[in-house]
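Number of protein chains: 2
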Amino acid sequence: MTVSARPTAAPQPAGPATHVRTALATVCISGTLEDKLDAAAAAGFDGVEIFEPDLVASSSSPAAVRSRCADLGLSIDLYQPFRDFDDVRPEVVEANLRRAERKFDVMEQLGTDLVLVCSSCIPTAVAEDDRIAEQLHRLAVRAAARGIRVAYEALAWGREVNTYERSWEVVRRADHPALGLCVDSFHILSRGSDPAGIRDIPADKLFFLQLADAPMLDMDVLQWSRHHRLFPGQGTFDLPAFLGHVLSAGYDGPLSLEVFNDVFRQSDPRRTAVDARRSLLALAEATTDRVPPAVRGTLASTALPPEPTLRGYAFAELAVDAGSAPALAATLAALGFTHSGQHRSKPVQLWRYGAATVLVNASGRPGAAVAAIGVETADPGAALRRAEALLAPAHPQPHGPAEADLSAVAAPDGTEVFFCRTGADDATSWLSDFVPTGTGTDAGDAGITHIDHVALTQPFDSFDEAALFYRGLLGLRTQHASEVAAPFGLVRNRAVSDAARTVRLCLSVSVLRRGEWGPAVTDPQHVAFATDDVLAVARAARAAGAPVLDIPDNYYDDLDARLAPPPDLLARMRELGVLLDRDADGEFLHFYTEVLGGRVFFEVVQRVAGYAGYGELNGPVRMAAHRRQRARAGDR
Amino acid sequence: MTVSARPTAAPQPAGPATHVRTALATVCISGTLEDKLDAAAAAGFDGVEIFEPDLVASSSSPAAVRSRCADLGLSIDLYQPFRDFDDVRPEVVEANLRRAERKFDVMEQLGTDLVLVCSSCIPTAVAEDDRIAEQLHRLAVRAAARGIRVAYEALAWGREVNTYERSWEVVRRADHPALGLCVDSFHILSRGSDPAGIRDIPADKLFFLQLADAPMLDMDVLQWSRHHRLFPGQGTFDLPAFLGHVLSAGYDGPLSLEVFNDVFRQSDPRRTAVDARRSLLALAEATTDRVPPAVRGTLASTALPPEPTLRGYAFAELAVDAGSAPALAATLAALGFTHSGQHRSKPVQLWRYGAATVLVNASGRPGAAVAAIGVETADPGAALRRAEALLAPAHPQPHGPAEADLSAVAAPDGTEVFFCRTGADDATSWLSDFVPTGTGTDAGDAGITHIDHVALTQPFDSFDEAALFYRGLLGLRTQHASEVAAPFGLVRNRAVSDAARTVRLCLSVSVLRRGEWGPAVTDPQHVAFATDDVLAVARAARAAGAPVLDIPDNYYDDLDARLAPPPDLLARMRELGVLLDRDADGEFLHFYTEVLGGRVFFEVVQRVAGYAGYGELNGPVRMAAHRRQRARAGDR
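Here the protein sequences come in this chain order: B and E. By full-length UniProt numbering, the letter at position 269 of the first sequence is numbered 269, and the numbering carries on one by one without gaps. By full-length UniProt numbering, the letter at position 186 of the second sequence is numbered 186, and the numbering carries on one by one without gaps.
Same shape as in the complex, but just chain B (with noise of 0.2 Å):
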């Protein structure tokens, strides 16, 4: 239970091979191509896609890089792209033949046999499907005859063929063995294809899958396929019934990942080609259902432990330093709770109201964070388990003779997730490790209930990795997604939950990285506290002591305006820094203490009614109410 580093080494490789085979396309991680392959080697992945200018821009021959992917246990299962083949000007299809000669010879050096070929985006491209397979026909016999296979494969923005439908009548009229189809669910799913006709395609002619998610964008097709393409998972397409289809036809190739995206074009290689193949293993299980018993069978091999059922938050831990520690324990105190134990060998102090459990962990950095989040699950063993397979690095505790055998995996900001089942008898129970002080237990009154949600601030390039985690791994699925103008830069945020809404966990970031300008830390991270009586929580809280934040007297004025709240509850939240929100579904009563220790404050939450969200709209208040309240501590 210390405060971890961010983890950036990847997990061993995967021993055994398994049945279903998992690719990477060089472009879709950053760095040289030599980069490229050590990263998808350490993430366990059977293959790569070269993708070409990777390969052009390298000082290793492509027999040198043949036999690198050997030493790492890497197949290169295709060569891409060759664009923009076919032309109805003859002078040009016979340059594109020689061109292709060429590219021939380089795939030779690399021993490997399929390449990949668009469907021509220029305006000299030829319309006529017969036409088209006839120099694709063409094509094939040059590659048959160097043993090569051509993967044909229609691009959304293709100036003629760009649908599977249009491809797929060339390649049956070409009628060429060495002349096959690549489908990419990017390219079908952009344009709203129905996919499942992919079943009707003979699975001799379905030479090789790319799988890419993306989240729904109205815009340009080229820029969105270009920018913004996601890991399975991460986006919005239905991608199990996707692969589903493909299965179903008889494709027994790799399940080959081609993402174009530029936060994972320009982040570490070795996190983002983690993070794609969990997208792979966390698909592979979601189609389980979708494909006959036969190839169940196949996708079974990569079986995970079922996702746990999740029973709520067990403890939020906040690593604090010695400086800290007094002003975070005497909030808590203020806010009701009780020092109600201590750790066996560890500097950390148990904290309770209600069901809501804090630690606060004096081993910390200076500063405090949230350090570590614990969850409530029937089978610790087992979730533990499902998590190591999806690849998350393991955080082993020491621990005492005495003490439970506790186990976490870090999340990909450096959050630590434990897995527990409090008030077990066995040495699963974590609370065995903490000796009660014996200064009572709590008050029993209408305060704090338990923990609503911890909020956590995402580093810039793991946004979309961290969503993709805590899904696989605990089953959160995004809730709603968010974006507010805060002081100093757009934040995106995006709120995840198990089914019965007992994990809340709300994740931020800046929509830009950020520079210089601002406050060094922007959006501290959070724990908030659930109550049925927000006021008198926050009544009480203000008469001992607590750093409750003090909000503007213009956000009163203006929620007068906008929501007309009873006058009389208007003056207990203006008097008290009581925030509202309302939706259609119920209202949300909420307060905010101060940043403590640098890095982290608490918030106490009321539900009304089916009041899901999280008062999002009144988050730039809240900044720029921590900001003054820093400005004036004299931080940055």
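Be aware that a few hints might be false.
Pairs of lysine to aspartate or glutamate, DMTMM-like flavour, derived with a Cα cap of 20 Å [said to hold, decoys possible]: (1) E:K103 - B:D130; (2) B:K103 - E:D560; (3) B:K205 - B:D130; (4) E:K103 - B:D560; (5) B:K103 - E:D553.
Partial list, computed: chain B residues near chain E (C-beta under 8 Å) [stated by the list, open to error]: (6) P53; (7) S59; (8) A63; (9) V291; (10) A334; (11) P620.
If you anchor each label on the Cβ, the simulated ranges turn out as follows [stated by the list, open to error]: (12) E:D218 - B:E483: 14 to 22 Å; (13) E:D175 - B:A196: 42 to 50 Å; (14) B:T439 - E:R89: 37 to 45 Å; (15) E:D568 - B:P90: 24 to 32 Å; (16) E:E94 - B:D553: 23 to 31 Å; (17) B:D129 - E:G192: 47 to 55 Å; (18) E:A145 - B:E483: 35 to 43 Å; (19) E:D200 - B:D553: 22 to 30 Å.
Derived by calculation from the structure, the hints in this document are not laboratory data. Computed from a predicted model, the values in this text were never measured in an experiment. Glycine included, C-beta positions come from ideal geometry on N, C-alpha and C.
With chain B fixed as given, assemble chain E onto it according to the hints.
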């Protein structure tokens, strides 16, 4: 001629008020309301639009904001926005009228009399013109009773009212003196509406004008508007034509900027405000010939000294540390340059080859950088006065009594820009500061002839600012823009030049601000020299020991496949490390040196026929090669 820090101090506000008033919406820039008002005043704006969320999050009362603005010399020209007023539900209209009265209270305390009301975007927006007009009339009656006027604006994504023609029709029918129009260039031009019709709207109904530019993007107009607006002159809208129509109609209110931009929202507001005001000064100049003579007089009150006519680069200056200077000097010598002059009072060497002049200033910080450029113009004094009128931070140069009075301005990235009249007999010739070394003149052979271009990597926050800076000061227009997939992330390029192509400048930036992965300096700056025989220069340079950058064989194999240059040419290029690009206009042959002193390198280019590009397609190959070079040298 020292390396300057990136300037952050804004220039002083303009002294006497001009007749064309300029205003800035607080939403354009980053920070708290207090930060924004300070920045607007420091940049010399006459007034502001107060964006409601900025006020709501502020702890300053409206009366305190009024007082602060008065102290800063800023008028509050508009309070905005008031959204979703008209509604088919009578009870909502009543609530909205109450909401408006509360906002009128705020405006009274602010001391402003104009409120922006946007067309409704909700499903319950009113569809019938007469009914909208009736509701707006009710609002106008209430406003008039408080001494307030309402400026009604058609949002481009308004549910029913989304064109200025429709908003004018509604305002016309409402027929109340307290109700007029706000016209916003983005909402009108993003939809492709013809703004000429604005001329037919009575001047007394044009209550307010909001100006924004934007790049041409094929995407959802709401997202386009909220994230990608730019200041006038940074995008592709014809704003001089637009403003010409509005002024010709008789509008005499402020020119006010309302720009939502992800970068500006999180950049230093003092810099952004200067950029913003510069855009209006340049726009006023560009609009002068679009308006009737009477209005022209008003615009002339902001008249700038004329755009300079450029005649090429006078010099490029490299600032180097003592450790790097020998490598720089040796490389220039190996390229054929002669050390032909020494500064009278500073450790600056003058190197020359043909008309290419490079100053090597050994008083620089660690490493090396392009510290300054000098451009030739007939009247350096007028060019400097124009630059200062356009708010460029001046960098007066300390000089001895016998030295030229040479002044520079600082570009957004800190590069100094000198205006030079080389060869003049008077003291304005900067060359008189240099004592000839007598070590010979240039060889007079077919080597380097002049500086072809200078390439400057821009700080992330100032890419668009830089384009406007060089356009405004030097008349450099965007020649072309491109985006390349570089090994460590996407890179955006924008080449600007004068009409005669004597001063070409390449600006580049990462598409996203980079994080920690990848080399610390991913894209060093460079100076490119022109030659008529790049192969000869490359051969001589290699023979003389210049560190010419090695280009991998894979590149030449790909070049053979793609462009099929004659085999003997290809062989020589491969031997010498010369690269090739080809387009419809001609060919481009070029080679690079290694990176010297950490952040600078040289390029030698040969343009064949009408080729006007910069070989950006070869950029990723160059970047990967530089990465290998620096990895060998142990740099990060």
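Under 8 Å, Cβ to Cβ, is where S59 (chain B) needs to be relative to chain E, so tell me if that hint holds or is violated.
-> holds, 4 Å
Is K103 (chain E) within 20 Å of D560 (chain B), Cα to Cα?
-> holds, 10 Å
For the pair supplied as a hint, K103 (chain B) and D553 (chain E), confirm whether the alpha-carbon distance does not exceed 20 Å.
-> With a Cα-Cα distance of about 14 Å, the restraint between K103 (chain B) and D553 (chain E) holds, given a limit of 20 Å.
Does the Cβ pair D200 (chain E), D553 (chain B) satisfy 22 to 30 Å?
-> Hint violated: Cβ distance 45 Å, outside 22 to 30 Å.
Can the restraint linking K103 (chain E) and D130 (chain B) be considered satisfied, given a maximum Cα separation of 20 Å?
-> Violated: K103 (chain E) and D130 (chain B) sit about 68 Å apart, past 20 Å.
Distance restraint hint 37 to 45 Å, applied to the beta-carbon atoms of T439 (chain B) and R89 (chain E) | At roughly 57 Å between Cβ atoms, R89 (chain E) and T439 (chain B) fall outside 37 to 45 Å, so the hint is violated.
Hold the hint about A334 (chain B) up to the distance rule: shortest CB distance to chain E must be less than 8 Å.
-> Where the cut-off is 8 Å and the nearest Cβ of chain E is about 23 Å from A334 (chain B), the hint is violated.
Starting from the hint 23 to 31 Å, judge whether the C-beta atoms of E94 (chain E) and D553 (chain B) obey it.
-> holds, 25 Å
Going by Cβ atoms only, is P620 (chain B) closer than 8 Å to chain E?
-> holds, 5 Å
Pair hint outcome, K103 (chain B) versus D560 (chain E) [Cα-Cα no greater than 20 Å] | The hint holds at about 10 Å.
Cβ-Cβ distance between D218 (chain E) and E483 (chain B): within 14 to 22 Å?
-> Between D218 (chain E) and E483 (chain B), where Cβ atoms are some 21 Å apart, the hint holds.
D129 (chain B) versus G192 (chain E) beta-carbon gap, inside 47 to 55 Å or not = This hint is violated: roughly 36 Å between Cβ atoms.
When the structure is compared with the earlier hints, violations turn up for hints 1, 8, 9, 10, 13, 14, 17 and 19 and for no others.
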